[in-house]
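Taken in order, these protein sequences are the chains called C and D. Count along the first sequence from 1, add 289, and you get the number used in the numbering used here. Count along the second sequence from 1, add 289, and you get the number used in the numbering used here.
Heads up, none of these hints are tricks.
All copies of an identical chain are treated as equivalent in the list; a pair is satisfied when it fits inside any one copy or across any two copies.
Capping the alpha-carbon separation at 20 angstroms, the derived lysine to any residue pairs in SDA-like fashion look like this:
1) Lys663 to Gly401
2) Lys436 to Phe379
3) Lys663 to Ala591
4) Lys710 to Arg677
5) Lys663 to Ser399
6) Lys439 to Val342
7) Lys436 to Lys468
8) Lys663 to Ser594
9) Lys439 to Asp294
10) Lys439 to Arg341
11) Lys441 to Leu469
12) Lys663 to Ala398
13) Lys663 to Ile402
14) Lys663 to Thr680
15) Lys663 to Ala395
16) Lys710 to Tyr570
17) Lys439 to Gly348
18) Lys441 to Asp294
19) Lys663 to Gly592
20) Lys436 to Glu416
Calculated from the structure, these hints are not laboratory results.
2 protein chains.
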Amino acid sequence: MAAADMTATILTIGDELLIGQIVNTNAAWIGEQLTLRGVEVIRSVTVGDSSRVIQDELGRALEAGRIVIMTGGLGPTHDDVTKHAVADFFGDRLTMRSEVLEAVEARFASRGIPVLDANRDQALAPESFQAVVNRAGTAPALIRGTKTPKGKGLVALLPGVPHEMQHFMEEAVLPEIEKLGVHGAIAHQTILTAGLGESLVHERLAGIEAFLARNVFLAYLPNIHGVRVRMTVRAATSDEAASRLEEVVAWACDRLGELVYGLGEDSLEGALGRALRLRGYTVSVAESCTGGLIAHRITNVAGASDYMVGGVVSYGNSVKSGLLGVDTSVLAAHGAVSEQVARSMAEGMRAALGSDTAISTTGIMGPGGGSPDKPVGTVWVGLALPDRTETRLLRLGMSRLRNKERAAAQAMNELRILLGKER
Amino acid sequence: MAAADMTATILTIGDELLIGQIVNTNAAWIGEQLTLRGVEVIRSVTVGDSSRVIQDELGRALEAGRIVIMTGGLGPTHDDVTKHAVADFFGDRLTMRSEVLEAVEARFASRGIPVLDANRDQALAPESFQAVVNRAGTAPALIRGTKTPKGKGLVALLPGVPHEMQHFMEEAVLPEIEKLGVHGAIAHQTILTAGLGESLVHERLAGIEAFLARNVFLAYLPNIHGVRVRMTVRAATSDEAASRLEEVVAWACDRLGELVYGLGEDSLEGALGRALRLRGYTVSVAESCTGGLIAHRITNVAGASDYMVGGVVSYGNSVKSGLLGVDTSVLAAHGAVSEQVARSMAEGMRAALGSDTAISTTGIMGPGGGSPDKPVGTVWVGLALPDRTETRLLRLGMSRLRNKERAAAQAMNELRILLGKER
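All chains, please: the whole structure from these sequences, using the hints.
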């Protein structure tokens with residue numbers, strides 16, 4: 290459990306957040322990471338790029354808790370005032386940090402871009418702060434310990450770019466927070482499922498109430514690829530939390546069976562890759578309506594070239610008949626969006642690239658192109674295996690982008706399940 | 290101008306926000322709506338379901354500004370404390386609102402569900418508040434006027450469910466805010482650029498200070514596709530704001546030149562599509578390292594089939610030589626990641642599908658595969674036009690997924706710029 294005294298404020302800075310131009314995903318991510326470490330987030334505050342307001346909030350945050358995580362307002366342009374505001378707050382001069390400066394200069398040099406004074410100024414840091422070099426950008430992280438009414442604390446200033454902020458949190462800030470001494474522990478795991486909706490996943494987990502009574506928390510998080518089941522366990526020690534988490538996750542995975550494609554940060558494309566490797570199979574992709582998205586997702590996995598041969602995006606019918614060898618008479622008789630064409634595309638792709646398996650998609654993604662017979666959202670998927678070809682009919686919605694995502698996910702999931710059944 | 294005195298605080302309530310289980314999209318939406326009406330959002334605060342903390346924040350908000358929009362913590366479950374906290378703050382008793390009660394009972398009756406006491410309690414409202422019936426849920430909106438140090442103000446409590454909150458804002462809260470007399474208006478526009486980093490975009494806009502002095506506000510928002518430049522103009526009337534915005538946007542677009550691919554919600558793929566249509570050209574895509582992402586993005590645009598013929602994902606070298614006709618001796622002599630292969634892929638793709646233009650990519654996306662000669666992040670782009678083929682060398686970073694996104698964006702942007710120069 291979160292130590293009652295280990296409390297934090299998240300302070301996100303930027304006019305673009307206040308006026309709603311961007312959604313504050315940083316605050317959610319930081320809140321989650323702190324919570325997982327047993328830190329209680331008591332307030333999350335967003336203010337604009339105003340020095341006075343930033344100082345007010347920093348002062349309040351250090352009265353209310355021991356940890357303050359600030360993000361945003363550290364860029365090279367004139368609208369970024371966080372660093373100066375914080376320096377004034379602590380009565381710090383700004384000093385040039387040679388390590389940061391060298392990293393900034395090296396970064397620009399490697400790209401052949403001139404370094405501007407504004408970029409060099411990013412190596413200036415308030416003197417009481419440690420400046421951690423940014424490997425993914427230019428603004429460093431600034432961290433210092435501090436005394437608070439509730440005990441030893443910490444103030445961190447991080448860039449607002451999400452992946453830079455996340456990197457700094459994991460590498461520099463969270464380790465420092467752990468040193469402050471957090472009591473109790475939380476462990477969590479997310480079970481990733483595809484193939485059924487939220488209520489049916491919930492039904493499969495009937496009986497989980499026995500676990501819930503024992504400090505196990507459950508959340509169903511549906512997204513376009515499926516339903517994620519998030520499980521959080523609180524316990525006195527991290528060992529106890531981990532072992533109880535393992536128990537409930539194993540129980541749930543057993544109930545969910547083939548719906549489960551992975552845990553945590555796994556992806557459908559990663560799961561498909563593992564299924565292909567397990568059988569020693571290669572794959573190729575013939576995409577009409579998904580327009581390259583399946584190939585894109587498969588190749589997001591590092592090392593995918595071991596099993597991904599390639600693909601064809603057959604947007605025009607001439608590509609279907611040309612590169613994929615779909616018979617023009619089949620196209621004429623059944624239309625491009627048909628079971629026959631999906632089958633022929635998958636088989637043609639498999640033959641053209643000599644892969645063991647192939648996925649094909651052909652459908653009507655919208656907003657235009659639907660008919661009473663084949664409304665927007667009609668998609669045929671072909672799945673060619675060494676010994677046979679299967680097809681699937683999907684009935685999706687009206688949104689083009691969502692349809693592409695859902696068709697890609699379902700097509701990959703169907704091949705994953707088919708490969709899992711092969712013995 | 291947003292009346293200097295018409296300032297607001299957004300107060301979102303819920304432990305699930307603090308622990309990062311859900312992202313605070315409500316704050317962004319409310320911030321945007323208030324900004325559009327000329328209300329200046331000075332702070333957005335999230336706190337947990339704690340009566341004392343909610344009262345503290347409400348008190349602060351009413352000292353700092355005239356408007357407080359609170360969402361969340363109005364549901365029927367025991368952790369929803371907002372209503373009681375606010376009633377105590379104003380010294381109100383809770384009174385039963387028959388109109389709300391009838392609506393709740395009718396809602397449950399129409400679904401054949403029994404009404405629980407917890408649901409009936411949703412019709413209890415602090416006596417000084419107006420209770421607005423919820424047509425989409427059960428919790429009513431609660432609204433009252435109030436005096437603040439800065440003048441007449443307003444406090445609104447809204448449910449946390451986004452579509453219910455939005456409905457109440459539009460139907461009940463924003464009209465009340467307009468009655469408070471918002472002077473002046475804000476207009477904003479975002480200029481979308483690709484091709485240069487934040488500091489160089491900033492340099493191109495040297496001289497913009499003359500506008501900034503006149504109530505024009507500027508923010509640079511870099512993302513993986515480029516730098517967005519957001520301009521906000523405050524003026525006495527919405528007409529004046531619009532015309533001054535037009536003036537500064539035109540000035541900035543002129544300075545930024547070919548970097549600008551669009552405004553507002555435009556996308557690079559949309560801009561490329563427009564450039565192709567303007568010339569009556571078709572395009573095809575031969576993707577090695579981007580793995581289908583360019584084709585995916587191009588086909589995200591509704592109507593892309595007018596100019597997108599198709600593509601090949603040539604992950605294996607056999608696909609480069611097979612479907613794209615890249616000479617195996619060129620592959621052997623220069624390696625797959627080379628200017629020669631990028632050129633040959635683009636020309637081969639253009640010839641194979643008979644398109645007017647073609648884009649190709651070949652590179653090393655990481656994490657593995659780099660060499661001193663060709664480190665991770667090395668990407669060659671080929672751009673085949675009817676009369677010539679150009680190539681570009683990109684030097685990207687170490688992250689596979691970011692490299693794919695950046696290479697796809699830069700390749701599309703380069704073709705867009707080339708097409709713009711054709712006369």
